[in-house]
Each structure stands twice: as structure tokens, then as C-alpha cells.
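Order-wise, the sequence lines are chains A and B. Every letter in the first sequence is one number past the one before it in my numbering, and letter 200, counting from 1, is 200. Every letter in the second sequence is one number past the one before it in my numbering, and letter 299, counting from 1, is 299.
Watch out, some of these pointers could steer you wrong.
What the hints assert, rightly or not - To give an idea of the chain B side of the interface with chain A (calculated C-beta under 8 Å), a few residues:
1. Ser156
2. Asn209
3. Asn212
4. Leu213
5. Thr216
6. Gly217
7. Asp219
8. Ile220
9. Met222
10. Ser223
11. Arg224
12. Gly225
13. Leu226
14. Pro270
15. Asp271
Unchecked claim - In silico lysine-lysine, DSS-like type, Cα no more than 25 Å apart, as pairs:
16. Lys134(B) with Lys232(B)
17. Lys248(A) with Lys282(A)
18. Lys134(B) with Lys35(A)
19. Lys232(B) with Lys35(A)
20. Lys134(B) with Lys282(A)
It is worth saying that the hints were derived from the structure and are not from the lab. Please read these numbers as outputs of a predicted model, since none were measured by experiment. Where is the CB? At the ideal position from N, CA and C, for every residue including glycine.
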Amino acid sequence: MSALGMKDSRQDAPAFAGVTGAPSKAFQIEGLSVKAGSAKILQDVTFDVAEGESLAIIGPNGAGKTTLLRSLMRMIPGVTGGIRVFGQSLAACSQRELARMVSYVPQAEGRTLPFTVREFMLMARYPHMSPFSHLTARDHEVVEQAMERTGVTAFADRNMDTLSGGERQKVFVAAALAQEPRAILLDEPTTFLDYRHQVEVLELVERLHREGGLTVVSVTHDLNQGALAGDRVLALRQGRTIFHGTPKELLAHPEILSGIYDTEFDYITHPHTGAIIVAPIKGQP
Amino acid sequence: MKRRWMLPLLAVIALACLLGAPFVGMSHVPMSAVLDPFGMSAESVVFWRIRVPRAITAFLAGSGLAVCGMAFQALFRNPLATPYTLGVSSGAAFGAAVYVRLGLVFTLLGIPGSSIAAFVGALMTILLVYGLTKARGGFSTSTLLLAGVALSFFLSSMLLSIQYSANLHDSFRLVRWLMGGLGMVGYDAPLNVLPFVGTGVVALALLTNELNLINTGEDIAMSRGLNVHRFKQGLFVAVSVTVGGVVAVCGPIGFVDMMVPHICRMLVGPDHRRLFPATLLFGGAFLTACDALSRTVIAPVEIPVGIITALLGGPFFLWLLLGGRRGRAGI
Numbered sequence: 001m002s003a004l005g006m007k008d009s010r011q012d013a014p015a016f017a018g019v020t021g022a023p024s025k026a027f028q029i030e031g032l033s034v035k036a037g038s039a040k041i042l043q044d045v046t047f048d049v050a051e052g053e054s055l056a057i058i059g060p061n062g063a064g065k066t067t068l069l070r071s072l073m074r075m076i077p078g079v080t081g082g083i084r085v086f087g088q089s090l091a092a093c094s095q096r097e098l099a100r101m102v103s104y105v106p107q108a109e110g111r112t113l114p115f116t117v118r119e120f121m122l123m124a125r126y127p128h129m130s131p132f133s134h135l136t137a138r139d140h141e142v143v144e145q146a147m148e149r150t151g152v153t154a155f156a157d158r159n160m161d162t163l164s165g166g167e168r169q170k171v172f173v174a175a176a177l178a179q180e181p182r183a184i185l186l187d188e189p190t191t192f193l194d195y196r197h198q199v200e201v202l203e204l205v206e207r208l209h210r211e212g213g214l215t216v217v218s219v220t221h222d223l224n225q226g227a228l229a230g231d232r233v234l235a236l237r238q239g240r241t242i243f244h245g246t247p248k249e250l251l252a253h254p255e256i257l258s259g260i261y262d263t264e265f266d267y268i269t270h271p272h273t274g275a276i277i278v279a280p281i282k283g284q285p
Numbered sequence: 001m002k003r004r005w006m007l008p009l010l011a012v013i014a015l016a017c018l019l020g021a022p023f024v025g026m027s028h029v030p031m032s033a034v035l036d037p038f039g040m041s042a043e044s045v046v047f048w049r050i051r052v053p054r055a056i057t058a059f060l061a062g063s064g065l066a067v068c069g070m071a072f073q074a075l076f077r078n079p080l081a082t083p084y085t086l087g088v089s090s091g092a093a094f095g096a097a098v099y100v101r102l103g104l105v106f107t108l109l110g111i112p113g114s115s116i117a118a119f120v121g122a123l124m125t126i127l128l129v130y131g132l133t134k135a136r137g138g139f140s141t142s143t144l145l146l147a148g149v150a151l152s153f154f155l156s157s158m159l160l161s162i163q164y165s166a167n168l169h170d171s172f173r174l175v176r177w178l179m180g181g182l183g184m185v186g187y188d189a190p191l192n193v194l195p196f197v198g199t200g201v202v203a204l205a206l207l208t209n210e211l212n213l214i215n216t217g218e219d220i221a222m223s224r225g226l227n228v229h230r231f232k233q234g235l236f237v238a239v240s241v242t243v244g245g246v247v248a249v250c251g252p253i254g255f256v257d258m259m260v261p262h263i264c265r266m267l268v269g270p271d272h273r274r275l276f277p278a279t280l281l282f283g284g285a286f287l288t289a290c291d292a293l294s295r296t297v298i299a300p301v302e303i304p305v306g307i308i309t310a311l312l313g314g315p316f317f318l319w320l321l322l323g324g325r326r327g328r329a330g331i
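Work out the full structure, taking the sequences as your base and the hints as a guide.
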């Protein structure tokens, strides 16, 4: 793999993809259900994410989007069903192995982090360290490169708690990248950010996806910039899949989108880009 | 990165406290007694049979309690959450008191039963507090501290009932021991504490990277490849072993586990690869100094060292609770 695990990740796939274990798939989710106590958060969710694809998970509040994302990272109990990550069964791989394939960017929130940006970044090298070992020169190199690529080098020595929400979120993306993953999971990466930082974070992720061949799965409420800009969309409602397809297919059937959110949308063509933009119609019954 | 000379300085302070403490006390110790470790003179016995083992015990207990506090503060992401405030020390004391009250006497591979009973008590309490917070869904600061306080009250009343049912002699011993003290003679005490503190300290020394990760939150730690479940199991056992071993011999000495790591965090920063050795050294030095103080402040009367640490710790706790200094130091 190259320095940041990008570019050549597709070359890892054998020539006859789809024989056993289908290695060209980043994620294969089959019959995934999640229970919390007696409540069913997710029910029988099945979908695949191809390697190098970007998938947006949308749906109303409480649909189980975050739960779905967190179950891919094995962060929650009560999960049943099959999950394969890059052909490997999730149940069979260790947390460390998982972290070498997949990294995660949490929601932008106000948790206190007493570390400097560089200290925090270096911790992302944990899955590549053998137990009880120290950081190597290569670890430092990977971290510096990841900071360079994401434009956070300027505040490398600042304390995480002194950063603005947008800067901090970029550091989270940078740290996820320093983990040298093949796929990255993002949980509402731009919520609570102002427009400038929303654009910056989204462009950063988009660039890593396009240039680096990184598989991206993100939970988002932002239809225009988030969901419709990706390769595929998965819509959840009350713990079930109600749509899985391309943004084009989603836009071709307005009843799908209105069904997801119980809201009618206007479909507007952007005057410059020609892309279709959706906007909720106000004053509905 | 921060203040590179801080660790060597702490090492020097620790060494000075450890070497200096035996010279502090009511009676002056002449050099001739110091140079005669096996001598039969009163000065020689006071120095080598009382003060030296006592300083070593204090150092071991302080180091062990402090690093356990550091580990809990990192795990619960809260400087107020320590084995003492969460009732783990009370649990250990309860375990040891039950052992004494039942008149049990046994050793396991040379380890006294009271220490094993204290370890079991500590571990049960940790699991109970942890279970309570999990049942309420996550660790909010208030839930955690309230669970700890509730459990402490419960264990204290259990301890009181044990005391009440004991005879006068045992009862007095229990009360005195519960104040937290180091008034013992000979090398049995440090030798009893050493294997426990040694085990816990080595275990925690190997977990500094993991402590850093857990300090960023469980979700991030997991996404970085930490098996959080197994890590917590290891941590709980290491802390129970250490706290149990210390409490069985010295009683529940409070607040060392809260003050020392928090002060060290201000001195060397939050990175556990530096914070751990700093806490280890400063914890030992701190309790050794407190013990020297407890022996001299109103000599010839000795104040139990637990009272000294509590006198310092109470206000410190309030200061933290009211948000005295946050920023980099605050978790």
C-alpha cells in the first residue's frame, strides 16, 4: 500500500473479483438487525458498498442511521446478521484489524480533548503499532502527510480544545486518514458547522474519495451537498431500508423522497451547474 | 513536548522524600545508627525497623493509589472519578473488615488473606459502580459520582455494623485502620504491599497508549482499534489488585488518587506516556511527605495519614467540582 493507503487499494483485489468472498466489496451487510433492550433499532437491513464507492445514508431522525454506522465499527451491542468488511467477516476480525481497514469520524460535538492536534493525530497510528511498541519514524511521517493533505498542519501544535468546530472536524478527518484505512465512516460530519466549514470538510472528504479511491460511507441530513453528490444513497425509515440506489434514481421518483421525510420537496435546477437541488416546500398541511 | 525537565525533577523529589523521610521524626537519629542496620541500639531500631519500612510502605501506597486514580480519571474522562470517590477503597476496606470480623486466617501462595479479601471487595465495588452507570446508560458525571457516593454510604454503614458487632479491641483497631495509617513496624507491611502495587503498576505501565485512547472517548478509542471491553477488564483487575493490596495494609487513604494525577497533568500534560511516570513518582513522594508530616505536626501524637490527605483532599475536591482550573488539565 502507498503511504496513505490510497491509490492502489484497488490493486489488492484479485483479477477475478466476485469469486469467493467478493473482495471488490468494501462492505456486505446482510440481514442486519440491532436491538436495544426491547426496541428494534434496525430490522433486516441488507446492502453492499463497492470498494471506492461513496454512500450516503439518509433518513428522518431516529431512523437508525447512526446505529447502522456504529454497528459497522462494532461499537454497539445487540447486533445480529452478517457484516463482511473487505471480504472479512466482522465477527472474525479483531478490533485492531478492523481499524486498519475502516476509520470513523464522529459527529462534531463538544467533548473535551486535552491533547494537542499532533498528539491526537499520532494516536491514530495505534492499529498499526504492535502491542507495547513505540511510534516509529514512519508513523510520524504518515501523520505529517495526513496533516499536509488535509490542511491542518498550521495548527498542529495547538490544543484540540482551542480549535473552532470546523478546524476540529478537519483534524478528525485527518486523524481518520492517518489511520491509513481503505474506508471511512462519517457520522453527520458537517452538522453544527458554519457554511464555510461545511464546504471545506465536504470538499476534503470528496477529494480523498475521488483522488484516493477511499470508500466513504456517511450519515447526513444535507441532501444537496451530501447525499445527492455521492455515488449511492441508502434511505432508512423506522429501522428499515426504503431506498437504495443512485441519486439519479432517487430524484426520478419524487414520491420516494417525500415518503422518507413525510415532506414534499421542490426540485430546482441549479442555474450554474445544472444539478438538481431539492428544497422542502413550506406551509404543508 | 511540555517541560522536559519536569520528569527528572519529580524523580529527584521522589528520591529525596524517600531518603529524607526516615530522618524526620521526634527523636534525632545519629549517623552511627544509620550506618548500623542490624544494630540493637534504640536509635538503630527506630531508624531501620520503624521509619525506613514505613517510608517504603508510604511510597508504595502513594504510587499505587495515584496511578490507579490516573487510570480511572482517564477511563471516566473525569478528574473527580477515582477509586476513592467511587467507593472502591470502601469496598476494599469492607472486604478486609469482613475477613477480620469472621476471624478468617489464611494465606494463598504467601499472600495474606486480608489482602485477597480487600482485592475481592474492590473488584466487586468497581463492577457494581460500573454496572449501575451502564444501566443508566452511559457515564454522565453526576450519575457516576452519585453511584459512587451511594455505594460508599452503603459500604460505610456495613462497616459500621461490623465494627459495632466486634469487641472493643477489634473495634478500636478497625476504627484506627479505617482512618488510613502507616503505623506499623518491620518489613511485613512493605512486603505485603509490594506484590500488589507491583502488579498493578506494571500492568498500567503497559497500557499508557490505551489510556490515551480511552481518554478521547470510547467511540474514538474503538475506531482506532482498541478492544475497549478487554481493556476495561484488564484495567479493573489492575486497579482492584493495587487498591486492595494498599487498603488491606494501610486502610483507605483518601484523595491521593485524585489530587496527585490531577496536579501531574498540570505539570507534564495529559499524555499518559509522561503522565504515568510523573504520577508514580509524585504519588510516592506525596504520601511519604504526608506521613512524615503526620508523625511530626503534633508530636508525640501521631495523626493518621488518612486525615492529613483528607484535610488536603476535601477542599481540592470542591475546587475541582466548582471548576477551578479547566483547560488542558481538565479532562
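Against chain A, run the beta carbon of Ile220(B) and see if the smallest gap drops under 8 Å. Holds - the Cβ of Ile220(B) comes within 8 Å of chain A, reaching about 7 Å at its closest.
Lys232(B) paired with Lys35(A) [C-alpha distance capped at 25 Å]: holds (23 Å)
So, Arg224(B) near chain A? Judge it on the closest CB pair being under 8 Å. At 5 Å from the nearest chain A Cβ, Arg224(B) passes the 8 Å test, so the hint holds.
How about Ser156(B): closest beta carbon in chain A under 8 Å, or not? Check failed: Cβ of Ser156(B) comes no nearer than 32 Å to chain A, outside 8 Å.
Taking 25 Å as the top limit, are the C-alpha atoms of Lys134(B) and Lys232(B) close enough? holds (13 Å)
Is the interface hint for Met222(B) satisfied, with its Cβ closer than 8 Å to some Cβ of chain A? This hint holds: Met222(B) lies near chain A, its Cβ roughly 5 Å from the closest one there, short of 8 Å.
Restraint satisfaction for Asn212(B) [CB to CB of chain A, less than 8 Å]: holds (6 Å)
Against chain A, with CB atoms and a cut of 8 Å, does the hint on Asp271(B) hold up? holds (6 Å)
Tell me if Gly225(B) is really an interface residue toward chain A, meaning its C-beta lies closer than 8 Å to one of theirs. holds (3 Å)
Hint check: 8 Å Cβ-Cβ cutoff, Asp219(B) to chain A: holds (6 Å)
Are Asn209(B) and chain A close enough, Cβ to Cβ, to be under 8 Å, as the hint says? holds (6 Å)
Report holds or violated for the interface hint on Ser223(B), using the least CB-CB distance to chain A and a cut-off of 8 Å. holds (4 Å)
Figure legend: structure checked against the earlier numbered hints; hints not met, in rising order: 1 and 20.
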